[in-house]
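We have chain P already, so just place chain U on it with the hints.
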Amino acid sequence: MLVDLDPSCLPHKFQVQIFKFAPLGRTYDKGLIQCDLPSCVEMTMGNQRNDLPDSEYSGSLKTELTLALPGGGGGAQAPKLRPKRGFPEAVNLNLGTSSEDEASVITQSSSSKTQVVGWPPVRSYRKNIMKSCKFVKVAVDGAPYLRKVDLEIYTGYQQLLAAFEEMFTCLSICDVLNERKIMDSANGTEYVPTYEDKDEDWMLVGDVPWKMFVESCKRLRLMKSSEAIGLASKTMSSKGSNID
Amino acid sequence: MLNYFPEEVLEHVFDFVTSHRDRNAVSLVCKSWYSVERFSREKVFIGNCYAVNPERVIARFPRVRSLTLKGKPHFADFNLVPPDWGGYVYPWIEAMAKHGINLEELRLKRMVVSDESLELLAKSFPNFKSLVLVSCEGFTTDGLAAIASNCRFLRELDLQENEVDDRKGQWLSCFPDSCTSLISLNFACLKGEVNAAALERLVARCPNLRSLRLNHAVPLDTLQKILTQAPQLNDLGTGSFVHDPDSETCGKLKNAMKKCKSIRSLSGFLDVNARCLPAVYPICTNLTSLNLSYAPGIYSNDLIKLICHCKKLERLWVCFFIKLIHYTYFFSGVPLSNQGLNWIMQILDTIGDKGLGAVASTCKELQELRVFPSDLYGVGNAGVTEEGLVAISAGCPKLNSILYFCQQMTNAALITVAKNCPNFIRFRLCTLNPTIPDAVTNLPLDEGFGAIVQSCKGLKRLSVSGLLTDQVFLYIGMYAEQLEMLSIAFAGDSDKGMLYVLNGCKKLKKLEIRDSPFGNVALLADVGKYETMRSLWMSSCEVTFGACKTLAEKMPRLNVEIINEGEEIEASPDDRHRVEKMYLYRTLVGPRRDAPDFVWTL
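These protein sequence lines are chains P and U, in that order.
Mapping of the first sequence onto the working numbering: residues 1 to 244, in sequence order.
Mapping of the second sequence onto the working numbering: residues 1 to 602, in sequence order.
Bound-form chain P, shown alone:
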């Protein structure tokens, strides 16, 4: 369920920056973000006077929680903070800089806790249902047929690129000027890994944290570098209006 979020509908005391990641060129444009956003979150972001339209629910779900960014700003009330969660106790979120980093919202303690066998006590049948299988097609320009990979089995971009190497044996990952590049060792053709996201835009692989990539990737294409330059200008004017 996608909701187009118009920032003007938000209460003024709530500061929000909205970004759409521009493909290929690594600059950010302010724009419309489409994300899976249940309407009850809009409610929780409402102010105490509840100017937002009435909820469809029979029970009243209006919350007295007033949201503002931590540390206040714009006269917003500090949120009613409940006691700190014991677990996760600390959150480690590595974003942005390297394409190998995942947005690990897992806590540092959770990584050891999740290795406890059989905890939490959930039947494997149920665990397997919660685990999804994300099979996406992989196309390589010039190859006679496509392959499919299950993105869920990889933990980062590095593993994915290694999987490409294995699947398309003519390709190898080389370090060229501190950047990892995919090359056809036979004829020196460079490939750029790209993917089609949920908005049907073609994006460069590696910009967003791994988990977000897995979430939004519909298919992969290893595009010849020579074509990629032309693509940049095409995707800049892709659909999705820009709101200032």
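Only true hints are included.
In silico DSS-like links for lysine-lysine, alpha-carbon gap of 30 Å or less: (1) U:168 to P:137; (2) P:127 to U:509; (3) P:148 to U:168.
Hints were generated in silico from the structure; no laboratory data involved.
This is chain U only, laid out in the frame that chain P set:
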């Protein structure tokens, strides 16, 4: 005077005694009653398949028609028991076939069922009517094909949460055209496709079909056609619930649903487009049971909208999914501080709790609630906290059974819950961090659970979690007089804890303990106790090999099994060596002969 009652009269009276416990009690009155009872018993329940063997059961109950068997210990559900441990049903089926038992019903839980067993079952019992497999493994769709082909009077085929190898044969198509007797068909746990046309024809020719649970591979348009053919259904499990919500198919589905005025139980949604959910609103008003716990990624507000239509709900299974990952990007374009992210997680917990608030204000008839964790793989989905539980307890006074996975808990909340709901029969709380203290006071959760056992005088099953000392077991031993099953993990300080329980809980049948500091003193204090119980599981505790040997020597009518995994399989371990996994159970038939190499019966 009762001696002068002819046996036929006794038998007739005993017909009204149906619960197996009551029948067991009846059989202990005198020899004559024992005799009458054993020849008239048709339903036999065996809680531990190794407590007795097939020959003895058949000898005592020659007229048995329905057999229920349970195999592996409960903790096998959580991968604590290695594969090939045991629990094979084949010997039972073989014995019954050999003795000409007129078997009509077989219900198995946590057993290993081979295709061979299913084939033998299908061919040996001409009146076979009902097969229920829960949490079993070892079979494929070929075995199901044998059942479908051969059981001419099959009424019930109910597969719940089994690991089944899908051979892509056409097992469902094996039901012959002459099969019109199906009342219940549940294949939700199968992964492969079934022939849609065969399914539709099967449904159309079984007018008594009351319960139908489809699997993931059955698409929405097939569901719509089926419902049109079977408006008499009581219990429906949808398969895949994905379609263009504006399509004609969805419109037809909604109309078909309107005609299904008997549906009281709904489950499935194994894949779901939330915008299609309104199609089920027409049946929500009469629903008494709703299981949404298999639906991956239904967002909480869609769930809440659905639940708000279900005012008569008595049973609800859910999880609350809120995808964190998008919000981190929504709120800012720079990495969030730990504090910022913590703050967001708290808010999203609120949404989970609010969902429960909606349940509390809508579902006043609620008796059973299960809230499953929404985040097993640490991808950052939020969950529920103690607030949700308190809301439920306040809003649903008839609540008697709960399974609740949560991020955190407090003593105050548990005390409030205990006051609001004194009728709990089953209370299972699981904090995702197994040793988390009270979220407000940082104290152990002893007082909270103590309040639960003190208030809920009818409590039969309890699972505890969070930071717990010996004190909580003192309370359990003192107050939980009706307790039959207790699950302990990462709790307690010393042997005293376990001793409180063993001394206090007179009706205890099953005790399972993992990762707790209970040792030999507790294990050996009252060895006679274990013959009054079905089983004891202890893993990653402090019991030693020597103590287990002593116990086994003292109690010949117990099987004390040690499970040895991994590299350290010594020929004769030192008596002081700690035992990693021990499972003991009372038995009439001595050590089992099908134990694998890694299981030692002392």
